[in-house]
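S.K.: Residue strings, one per chain:
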Amino acid sequence: AQSVTQLGSHVSVSEGALVLLRCNYSSSVPPYLFWYVQYPNQGLQLLLKYTSAATLVKGINGFEAEFKKSETSFHLTKPSAHMSDAAEYFCAVSLYSASKIIFGSGTRLSIRP
Amino acid sequence: DAGVTQSPTHLIKTRGQHVTLRCSPISGHKSVSWYQQVLGQGPQFIFQYYEKEERGRGNFPDRFSARQFPNYSSELNVNALLLGDSALYLCASRPDTGTGGGGTGELFFGEGSRLTVL
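First to last, the protein sequences are chains A and B. Start counting the first sequence at 1; every next residue gets the next number (our numbering). Start counting the second sequence at 1001; every next residue gets the next number (our numbering).
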């Protein structure tokens, strides 16, 4: 069975600092991996996805993530945080033929001025 | 182009009542999924429908049911509401392949229906 674990329910960084949100996955076969963002009182928006092509995936708003099979990780990074990045971030996993995507518990990102 | 639309956006029910939530997918998307998001947690999979057939079901009691209509819109029904059913219910659509499988898996979410059970 697939699962994801997000390390840290809350991360706080200063504006302009590096953002690093951690995600580890568990899957018996190569999975598809996703990062979604949720702003208050809104649905989820896809930031980026890994589908077995390039291991370094670039997404919207300057975010990127690197798939590391040896570490079963898919951490999300952004070189310089902006106030507008404050939101809840979810890592998720699925298999090609699966009917569902499994989400982690989320990491709330706060940005300090 | 319109995104995934859900209605109602907010509703309040009392224990024991039933509720119907509605979802219209993005035009051309034949697959609709429902997720429950309890405050402070990640979304939990409830159902997936493709071409009006149930293709997946999460670990939810039989009080939860859904259906998909010929125009690919969908309803989620919850009977005998409990306090624990209070949550944001998210609908998502995706451009599945002809097999109804995950394809690249990307989901497009609506803004949700926030249900409060008193």
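Check before you lean on any hint, since a few could be wrong.
[Claimed, not checked] Keeping only pairs whose Cα atoms sit at most 25 angstroms apart, straight-line, the calculated SDA-like set for lysine to any residue is: (1) A/LYS58 with B/PRO1095; (2) A/LYS49 with B/ASN1071; (3) A/LYS49 with B/GLN1017.
[Claimed, not checked] Listing some non-contacts, in silico: residues in chain B with all C-beta distances to chain A over 10 angstroms: (4) SER1027; (5) GLY1042; (6) LYS1052; (7) PHE1109; (8) THR1116.
For the record, the hints were derived by calculation from the structure and aren't laboratory data. Everything numeric in this text was worked out from a predicted model, so none of it was measured. Every residue, glycine too, gets a C-beta built ideally from N, C-alpha and C.
S.K.: A separate judgement is required for each hint: does it hold in the structure or not?
M.R.: Okay, the hints, checked on the actual structure:
Between A/LYS58 and B/PRO1095 the CA atoms are separated by roughly 22 angstroms; this keeps the pair inside 25 angstroms, and the hint holds. Annotation: proposed proximity of A/LYS49 to B/ASN1071 is violated, straight-line Cα distance about 29 angstroms (limit 25 angstroms). For a cut-off of 25 angstroms, the pair hint linking A/LYS49 to B/GLN1017 is broken: about 39 angstroms separates their Cα positions. The Cβ of B/SER1027 lies farther than 10 angstroms from every Cβ of chain A, with a closest approach of about 17 angstroms, so its non-interface assignment holds.
Against chain A, the non-interface label of B/GLY1042 is violated: not every CB pair exceeds 10 angstroms, the least being about 4 angstroms. Once the 10 angstroms rule is applied to beta carbons, B/LYS1052 is consistent with being away from chain A; the minimum gap is 14 angstroms. At the 10 angstroms boundary, the C-beta of B/PHE1109 falls inside the reach of chain A, the nearest C-beta of that chain being 4 angstroms off. Every C-beta of chain A lies more than 10 angstroms from that of B/THR1116, the closest at about 14 angstroms, which supports listing it as non-interface.
Hint compliance for this structure: hints 2, 3, 5 and 7 are not met, and every other hint is.
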